[in-house]
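One letter stands for each residue in the lines below.
There are 2 protein chains.
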Amino acid sequence: MSQHNIPTRTTLLVAERFVIEKVTQQLPDGRTFSREVVRHPGAVVIVPVLEDGRICLIRNYRVAVEQELFELPAGTREANEPPIETARRELKEETGYECRTISPLCEFYMSPGILDERMFAFVARDLQAGSPALEKGELITNFPVTLSELDQMLGSGQIQDSKSLSTLLYYLRYCQ
Amino acid sequence: MSQHNIPTRTTLLVAERFVIEKVTQQLPDGRTFSREVVRHPGAVVIVPVLEDGRICLIRNYRVAVEQELFELPAGTREANEPPIETARRELKEETGYECRTISPLCEFYMSPGILDERMFAFVARDLQAGSPALEKGELITNFPVTLSELDQMLGSGQIQDSKSLSTLLYYLRYCQ
Numbered sequence: 061m062s063q064h065n066i067p068t069r070t071t072l073l074v075a076e077r078f079v080i081e082k083v084t085q086q087l088p089d090g091r092t093f094s095r096e097v098v099r100h101p102g103a104v105v106i107v108p109v110l111e112d113g114r115i116c117l118i119r120n121y122r123v124a125v126e127q128e129l130f131e132l133p134a135g136t137r138e139a140n141e142p143p144i145e146t147a148r149r150e151l152k153e154e155t156g157y158e159c160r161t162i163s164p165l166c167e168f169y170m171s172p173g174i175l176d177e178r179m180f181a182f183v184a185r186d187l188q189a190g191s192p193a194l195e196k197g198e199l200i201t202n203f204p205v206t207l208s209e210l211d212q213m214l215g216s217g218q219i220q221d222s223k224s225l226s227t228l229l230y231y232l233r234y235c236q
Numbered sequence: 061m062s063q064h065n066i067p068t069r070t071t072l073l074v075a076e077r078f079v080i081e082k083v084t085q086q087l088p089d090g091r092t093f094s095r096e097v098v099r100h101p102g103a104v105v106i107v108p109v110l111e112d113g114r115i116c117l118i119r120n121y122r123v124a125v126e127q128e129l130f131e132l133p134a135g136t137r138e139a140n141e142p143p144i145e146t147a148r149r150e151l152k153e154e155t156g157y158e159c160r161t162i163s164p165l166c167e168f169y170m171s172p173g174i175l176d177e178r179m180f181a182f183v184a185r186d187l188q189a190g191s192p193a194l195e196k197g198e199l200i201t202n203f204p205v206t207l208s209e210l211d212q213m214l215g216s217g218q219i220q221d222s223k224s225l226s227t228l229l230y231y232l233r234y235c236q
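So the protein sequences, as listed, match chains E and W.
Sequential numbering of the first sequence, starting at 61, is according to my numbering.
Sequential numbering of the second sequence, starting at 61, is according to my numbering.
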């Protein structure tokens, strides 16, 4: 599937956090197809596991959907930044926690029909509390939950952010 | 959190499947903040449960990430289309299956930092096989799996599409 012709790309718009491209590509069956694609540098999401086994969720106000969501801490990669470094940095910036142990959990694409954003999920342990350093426009507060509270929140639809839903359900199924 | 000032919106780009807007909003703490947002009409994802309990995944070639992914059937809402009708239509178009029973499973946002796409997940049962009706540019084939094959695929990172990961893990945890 990866040997077909190299796609041609035209930049339509450069935004602060993404770029819109028009991609024209020859499909494996020989037909030509154009589509507008949102280019994104990739991101990380972190499961912060506290000493007592609770998971540190965050409450995060989201301009795009005009509401506060329960999420895991997460953030966008800087240019050439290894995802594990993004994860350490964003965990500290958003929750104040520095971690001594961090390990990869899983990886996935957020919305591969229109967006190339790849998400790298990590589990962070041995956490040391400190002060967050929120960016302009970020409204975030920590919200630690026990595993049974988390299960209840997931099952009742209180966690509506796909990266957090994927990562938390993956963690509960394959890391417990 | 929902009583603060109404945001101002400027359209930057109209693409075939989304619109880019600049949103300027007064945050709950009184500061003003601008961000580019991808506007999307919302989408559906369907867990098709076959008579023998297998789940009908699809293999789907994705232009945005230039690879074939294992996913659940899914698709974008037409204007004013109720999500349950989108789900019936997309299930038929992508897999050929018509369903007699369909029920809501969960709902979530795909990438709420930049994109307002809301995903409505359904479980479809009592399926009747037929012919798919793929759109131009769609390269999709059915890939039915048992629950234990599915579990193995999920745990080994073979399912990399966030909406499918969220929906399948949710289905396995709360509907089995």
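Keep in mind that the hints were calculated from the coordinates and are not lab data.
The beta-carbon is built from N, C-alpha and C at its ideal position, and this holds for glycine as well.
Be aware that one or more of the hints could be misleading.
What the hints assert, rightly or not - Here are a few chain W residues that sit away from chain E, every Cβ distance over 10 Å (derived from the structure):
hint, residue
1, H100
2, G156
3, I162
4, S163
5, D176
Unchecked claim - Not the full set, but computed from the structure, chain E residues with beta-carbon under 10 Å of chain W:
hint, residue
6, L129
7, D176
8, G217
9, L229
What the hints assert, rightly or not - Just the calculated beta-carbon pair ranges, DEER-fashion:
hint, chain 1, residue 1, chain 2, residue 2, range
10, W, L207, E, E111, 33 to 43 Å
11, E, R160, W, S163, 20 to 30 Å
12, W, L194, E, T161, 40 to 50 Å
Here is how each hint holds up against the structure:
A cut-off of 10 Å between C-beta atoms contradicts the statement that W/H100 is not in contact with chain E; the least separation is 8 Å. Distance check on W/G156: its Cβ is at least 18 Å (rounded) from any Cβ of chain E, clearing the 10 Å threshold; non-interface status holds. Every C-beta of chain E lies more than 10 Å from that of W/I162, the closest at about 18 Å, which supports listing it as non-interface. The claim that W/S163 lies off the interface holds: its Cβ sits roughly 14 Å from the closest Cβ of chain E, which is beyond the 10 Å cut-off.
Listed as a non-interface residue, W/D176 fails to keep its Cβ farther than 10 Å from every Cβ of chain E; the least gap is roughly 5 Å. Interface hint at E/L129: satisfied, since its Cβ lies 6 Å from the closest Cβ of chain W, which is below the 10 Å cut-off. Against a cut-off of 10 Å between C-beta atoms, the interface hint on E/D176 holds, since the closest Cβ of chain W lies about 5 Å away. The interface hint given for E/G217 holds, since its Cβ lies 6 Å from the closest Cβ of chain W, which is under the 10 Å cut-off.
Look at E/L229: its Cβ gets to within about 4 Å of chain W, closer than 10 Å, so that hint holds up. W/L207 and E/E111 have their C-beta atoms about 35 Å apart, which keeps the hinted 33 to 43 Å range intact. Checked against the given bound of 20 to 30 Å, the beta carbons of E/R160 and W/S163, roughly 45 Å apart, lie outside it. At about 46 Å, the CB distance of W/L194 to E/T161 agrees with the hint of 40 to 50 Å.
Of the numbered hints listed earlier, those contradicted by the structure are 1, 5, 11.
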